[in-house]
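Participant: Below, each chain spelled out in residue letters.
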Amino acid sequence: MFRAFQYFWSLLFLLLASAAFASPLLDRLPQQPLIPPGYAPSPSDAKDLRGLWMEMTEAEKTLRRSPLIVDDESLNAYVKGVACRVVHNYCDDLRVYVVRNPSFNASIAPNGLMLVHTGLLIRMNSSDQLASVLSHEFVHYAQTHSLQLLRKAKRNFAIGTFVSLFGVPAIFAFTSVLKFNRDQETDADELGAYYAAAAGYAPEAGSTIWHLLEEEEDNASAKRPKGPQFLSSHPKSKARAAKLAAVAERITSEANQLNVEQRSTSHADPLLGVLQKHYSLLMDEQVQQRDAGRLLTLLERHEALGIRPADVAFYRGEAYRVRGGVNDAKLAIAAYRRAIEAENNNPNALRELGYLEYKHGSKETAEGYFRAFLDLVPNASDREMIELYLEGGW
Amino acid sequence: MAKRLLMVWIIGLAGCTSTQFAALSPGTVKVQGLTVEAADASWNKAPRMLTPHLHKGSQLWTRDGPLLDYMVLIPDVEDGETLFKSRSKSLVYPSYRKGMLPNEIIEVVESSLAKLSGNNVVVTSAGLRPYKLGNQRALMFDLELVDAEGPRRKGRAVIFVEDEQLYVMMYVATSLYYFDKHWESALATMNSAKIAG
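Going line by line, the protein sequences match chains A and B. Offset between the first sequence (1-based) and my numbering: plus 1. Offset between the second sequence (1-based) and my numbering: plus 28.
I should point out that these hints are in silico values taken from the structure, not numbers from a laboratory. Glycine included, every Cβ here is placed at the ideal spot set by N, Cα and C. It cannot be assumed that every hint is accurate.
[To be verified] Non-contacting residues of chain A with respect to chain B, defined by C-beta distances greater than 10 Å in every case (computed):
| id | residue |
| --- | --- |
| 1 | G52 |
| 2 | L95 |
| 3 | Q149 |
| 4 | D184 |
| 5 | H212 |
| 6 | L213 |
| 7 | S382 |
| 8 | G393 |
[Said to hold, decoys possible] Calculated cross-link-like contacts (lysine to aspartate or glutamate; reagent style EDC-like; alpha-carbon spacing at most 20 Å):
| id | chain 1 | residue 1 | chain 2 | residue 2 |
| --- | --- | --- | --- | --- |
| 9 | B | K182 | B | E106 |
| 10 | A | K331 | B | E132 |
| 11 | B | K58 | B | E106 |
| 12 | A | K360 | B | D92 |
| 13 | A | K224 | B | E109 |
| 14 | B | K84 | B | D191 |
| 15 | A | K237 | A | E217 |
| 16 | B | K117 | A | E392 |
| 17 | A | K62 | B | E177 |
| 18 | B | K126 | B | E177 |
| 19 | A | K244 | A | E215 |
| 20 | A | K364 | B | E132 |
| 21 | A | K81 | A | D270 |
| 22 | B | K160 | A | E218 |
| 23 | B | K222 | B | D208 |
| 24 | B | K113 | B | E138 |
| 25 | A | K360 | B | D107 |
| 26 | B | K117 | A | E217 |
| 27 | B | K117 | A | E215 |
| 28 | B | K160 | A | E392 |
All chains should be modelled from the sequences, with the hints used to inform the complete structure.
Facilitator: See below:
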């Protein structure tokens with residue numbers, strides 16, 4: 002039944018969908034979308050398809066109330082804006098939610114519910130890279146990958162029973178436990194690069210992301226286990242980056258033939274403003290992961306991107322403090338001091354300097370930092386503890 | 029015949045490994061190198077099978093079920109050890125290090141709880157303050173645990189260091205109703221903590 006449904010839509014909307022896109026580049030798509038813009042299941046569709054759609058719609062109602070959704074208007078407008086640009090006339094079919102989670106991840110459900118982790122945003126160096134990820138996710142939706150995945154999941158699990166002792170909700174458990182297969186991922190990479198390029202984003206950004214992830218992994222203090230490539234649902238970073246680079250080259254050549262203009266990235270990228278506005282939220286989550294290698298890698302990129310020097314210096318201090326090696330206390334102290342030099346009255350840097358000086362340096366110097374901190378934040382939640390330090394009582 | 033033997037083997041296994049919560053009698057309970065008093069008969073100890081992430085000797089108690097309230101007692105954490113047991117190579121919990129300052133220890137607790145949930149719960153701590161457990165110098169701080177769907181949870185922890193070993197006692201419950209309902213009883217248990225002689 003579903004095959005018939007797929008076939009029907011493929012035929013009927015092949016031309017309609019491609020005609021609806023503005024860019025001639027999308028006529029060159031190796032596969033056209035299997036579902037049309039504005040699609041919603043009708044009574045004639047397969048029962049399980051309607052059921053899955055309904056389940057996801059119910060899950061989305063709960064998700065909307067979730068305290069983990071970042072509801073900042075400018076952040077959502079930016080992410081949704083990039084998504085809409087790459088999906089063109091499918092914009093109204095997608096609902097994009099930015100979710101507080103430090104891991105690099107984005108996912109999409111068959112009803113167009115897209116989740117973007119804050120841990121992904123903090124790893125983006127340009128809107129081109131975000132466009133690459135979002136267009137990749139869109140392909141999973143447009144080619145009904147997530148529906149196929151959900152069908153497989155329905156056969157193997159009872160969706161909705163992923164709730165653990167610590168309350169991991171079904172939709173998050175679903176997206177983190179179940180993975181697309183490698184063919185679907187490869188298709189999403191290739192088609193996604195077309196969608197991004199058609200919207201004027203640099204198609205090579207997808208390849209860059211995987212190089213950056215590989216670099217972060219190499220620098221990580223705690224390495225993730227690496228298995229043989231054939232066991233992984235996702236192709237490994239290096240192989241994936243190479244494949245994406247080849248796709249980007251092909252697309253660029255096709256775009257040149259078709260005289261498709263690329264968006265200029267020489268002007269200020271709105272990503273910087275978005276990251277800067279939410280920098281503490283995004284970076285505190287990363288600090289909590291306590292992986293200094295990853296933190297320092299991110300900070301090097303943020304410095305190059307133009308994040309405020311005081312912020313970069315403060316989080317460098319955090320990274321050294323977390324690493325806790327022989328010379329790291331000194332490095333952390335120097336970094337926190339740079340944060341204060343770059344921006345007077347940085348209370349967090351003052352407090353950390355107080356603690357570090359107390360532990361590794363001079364109690365008198367620590368006292369000065371603690372007093373400066375309490376002057377700035379008289380209602381600090383750890384005031385009682387700091388006062389104890391000031392009295393020399395710990 | 030083979031099926032019957034398999035059944036007998038499974039039943040035997042089930043008998044060896046309890047999956048039931050055990051009601052605690054009021055009185056002294058030994059938690060590895062720590063003793064605490066169960067203030068009344070309402071606490072139930074979780075079986076090991078349901079708490080595989082707990083480190084050696086740790087115990088999880090609850091009154092109305094762990095989705096509503098629980099108290100975790102983590103004794104004898106030595107230099108370089110973690111608060112929870114990792115069951116995957118990709119999950120690396122932060123370690124306790126001797127000589128850590130109180131603010132560093134609460135960061136370890138906060139990070140461990142966040143990682144325990146697979147980072148699906150946002151954990152924040154606040155209100156670090158000195159606390160006295162009899163003659164024992166200790167610390168108390170508050171926790172907030174927010175997940176995507178469930179009710180908000182509140183926690184309060186008491187920690188102390190003795191002979192360079194860390195002891196953590198944490199009570200976590202839904203902010204609405206259950207935290208206040210059992211906090212006094214949880215605190216009474218924490219206040220009774222003594223290093224086992």
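Participant: Is the hinted pair B:K117 and A:E217 satisfied, with a Cα-Cα distance of at most 20 Å?
Facilitator: holds, 18 Å
Participant: Can the restraint linking A:K360 and B:D107 be considered satisfied, given a maximum Cα separation of 20 Å?
Facilitator: holds, 17 Å
Participant: If you draw a straight line from the CA of B:K160 to the CA of A:E218, is it 20 Å or shorter?
Facilitator: violated, 44 Å
Participant: Do the alpha carbons of A:K364 and B:E132 lie within 20 Å of each other, as the hint requires?
Facilitator: holds, 18 Å
Participant: With the threshold set at 20 Å, check whether the alpha-carbon distance from A:K237 to A:E217 stays at or below it.
Facilitator: holds, 14 Å
Participant: Could you grab the alpha-carbon distance between B:K160 and A:E392 and see if it respects the 20 Å cut-off?
Facilitator: Holds, at roughly 17 Å.
Participant: Does B:E132 sit within 20 Å of A:K331, going by the straight-line distance between their CA atoms?
Facilitator: holds, 17 Å
Participant: Say whether it holds or is violated: A:D184 keeps its Cβ farther than 10 Å from all Cβ of chain B.
Facilitator: Holds, because the least Cβ-Cβ distance between A:D184 and chain B comes to about 25 Å, which exceeds 10 Å.
Participant: Run the C-beta distances from A:L95 to all of chain B and say if the shortest one exceeds 10 Å.
Facilitator: holds, 20 Å
Participant: Hey, A:K62 versus B:E177, does the alpha-carbon distance stay inside 20 Å?
Facilitator: Roughly 11 Å between the alpha carbons, so the hint for A:K62 and B:E177 holds.
Participant: May I ask you to check that A:G52 keeps its beta-carbon over 10 Å from the closest beta-carbon of chain B?
Facilitator: Check passes; 21 Å lies beyond 10 Å.
Participant: Is the straight-line distance between the alpha-carbon of B:K126 and that of B:E177 20 Å or less?
Facilitator: Status violated; Cα separation ~37 Å.
In terms of the numbered hints stated before, the structure departs from hints 7, 9, 12, 16, 18, 22, 23, listed from lowest to highest.
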